[in-house]
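> Sequence:
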Amino acid sequence: MSKTIKIVNYIEIAGEMVLFETLPEEEKKEAAEKILDLIMRQAGYIKTENKKNAGHLLS
Numbered sequence: 001m002s003k004t005i006k007i008v009n010y011i012e013i014a015g016e017m018v019l020f021e022t023l024p025e026e027e028k029k030e031a032a033e034k035i036l037d038l039i040m041r042q043a044g045y046i047k048t049e050n051k052k053n054a055g056h057l058l059s
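By full-length UniProt numbering, the letter at position 32 of the sequence shown is numbered 32, and the numbering carries on one by one without gaps.
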């Protein structure tokens with residue numbers, strides 16, 4: 001007997017919990033970019049507009 005698992009994602013915006021799938025597409029994209037930036041920073045990377053330095057680890 002297998003159970004179906006349903007994952008529901010909420011995001012905190014201005015102190016209010018909002019169901020992620022109810023956000024407009026542009027806000028979903030912005031939120032996803034911010035989450036990715038946080039994850040990458042924890043791994044030692046930083047977003048840069050300078051392509052010469054793109055992808056280098058922080059020292």
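Think of the hints as simulated: they come from the structure by calculation, not from any bench. Careful: at least some of the hints might be erroneous.
The calculated DMTMM-like cross-link candidates involving lysine to aspartate or glutamate, where the alpha carbons are at most 25 Å apart (straight line), are [to be verified]:
no.	residue 1	residue 2
1	Lys3	Glu21
2	Lys28	Glu49
3	Lys6	Glu27
4	Lys3	Glu33
5	Lys29	Glu49
6	Lys3	Glu30
7	Lys3	Glu27
8	Lys3	Glu26
9	Lys47	Glu27
10	Lys6	Glu16
11	Lys34	Glu16
12	Lys47	Asp37
13	Lys28	Glu12
14	Lys6	Glu49
15	Lys3	Glu16
16	Lys29	Glu12
17	Lys3	Glu25
18	Lys29	Glu16
19	Lys28	Glu16
20	Lys34	Glu21
21	Lys6	Glu33
Each pair of labels, with its calculated beta carbon distance range [stated by the list, open to error]:
no.	residue 1	residue 2	range
22	Met40	Met1	17 to 27 Å
23	Lys6	Ala32	13 to 23 Å
24	Ile7	Lys47	24 to 34 Å
25	Ile13	Ile46	32 to 42 Å
26	Glu16	Arg41	40 to 50 Å
27	Ile39	Met1	27 to 37 Å
28	Ala43	Glu12	18 to 28 Å
29	Lys34	Val8	13 to 23 Å
As the structure is a computational prediction, the values presented were derived from the model and not from experiment. Where is the CB? At the ideal position from N, CA and C, for every residue including glycine.
> Against this structure, judge whether each hint is valid.
Do the hints match the structure? See the list:
Of the supplied pair hints, the one linking lysine 3 and glutamate 21 holds, its CA atoms being roughly 23 Å apart against a limit of 25 Å. Restraint check for lysine 28 and glutamate 49: the C-alpha separation of about 22 Å stays at or below 25 Å, so the hint holds. Taken as a hint, the lysine 6 and glutamate 27 pair is honoured in the structure, with Cα atoms around 23 Å apart against an allowance of 25 Å. For the hint linking lysine 3 to glutamate 33, the alpha-carbon distance of about 32 Å lies beyond 25 Å, and the restraint is violated.
With a CA separation close to 18 Å, the supplied pair lysine 29 and glutamate 49 stays within the 25 Å bound. Of the pairs offered as hints, the one joining lysine 3 and glutamate 30 is violated, with about 33 Å between alpha carbons and a cut-off of 25 Å exceeded. For the suggested pair lysine 3 and glutamate 27, the alpha carbons sit about 32 Å apart, so the restraint of at most 25 Å is broken. Proximity of lysine 3 to glutamate 26 is assessed by CA-CA distance (about 33 Å); at most 25 Å being required, the pair is judged violated.
Using a Cα cut-off of 25 Å, the hinted pair lysine 47 and glutamate 27 holds, with the two alpha carbons roughly 19 Å apart. Taking the CA atoms of lysine 6 and glutamate 16, the gap is about 22 Å. The hint holds against a cut of 25 Å. For a cut-off of 25 Å, the pair hint linking lysine 34 to glutamate 16 stands: about 17 Å separates their Cα positions. Restraint check for lysine 47 and aspartate 37: the C-alpha separation of about 7 Å stays at or below 25 Å, so the hint holds.
Simply put, lysine 28 and glutamate 12 have alpha-carbon atoms about 12 Å apart, close enough for the 25 Å limit, and the pair holds. Annotation: proposed proximity of lysine 6 to glutamate 49 is violated, straight-line Cα distance about 38 Å (limit 25 Å). A distance of roughly 31 Å separates the Cα atoms of lysine 3 and glutamate 16; the hinted pair therefore is violated under the 25 Å criterion. Straight-line distance between C-alpha atoms of lysine 29 and glutamate 12 comes to about 15 Å, which keeps the hinted pair within the 25 Å bound.
Restraint check for lysine 3 and glutamate 25: the C-alpha separation of about 31 Å exceeds 25 Å, so the hint is violated. For the hint pairing lysine 29 with glutamate 16, the CA-to-CA distance comes to about 18 Å; that is within 25 Å, so the pair holds. Taken as a hint, the lysine 28 and glutamate 16 pair is honoured in the structure, with Cα atoms around 15 Å apart against an allowance of 25 Å. Note on lysine 34 and glutamate 21: the hinted pairing holds, with a Cα-Cα distance of about 16 Å set against a maximum of 25 Å.
For the hint pairing lysine 6 with glutamate 33, the CA-to-CA distance comes to about 24 Å; that is within 25 Å, so the pair holds. Checking the proposed 17 to 27 Å range against methionine 40 and methionine 1 shows it is violated: the Cβ atoms sit about 40 Å from each other. Between lysine 6 and alanine 32 the Cβ separation comes to about 20 Å, which falls inside the hinted range of 13 to 23 Å. Under the hint 24 to 34 Å, the C-beta atoms of isoleucine 7 and lysine 47, about 27 Å apart, fit the expected range.
Roughly 24 Å separates the CB atoms of isoleucine 13 and isoleucine 46, a value that falls outside the hinted 32 to 42 Å. For the hinted restraint 40 to 50 Å between glutamate 16 and arginine 41, the CB-CB distance of approximately 25 Å leaves it violated. Take isoleucine 39 and methionine 1: their Cβ atoms lie about 35 Å apart, and the range 27 to 37 Å holds. In this structure the hint that alanine 43 and glutamate 12 lie 18 to 28 Å apart at CB holds, the actual value being about 22 Å.
Taken as a hint, the range 13 to 23 Å holds for the pair lysine 34 and valine 8, whose Cβ atoms sit roughly 20 Å apart.
Against the hints set out earlier in the document, violations occur for numbers 4, 6, 7, 8, 14, 15, 17, 22, 25 and 26.
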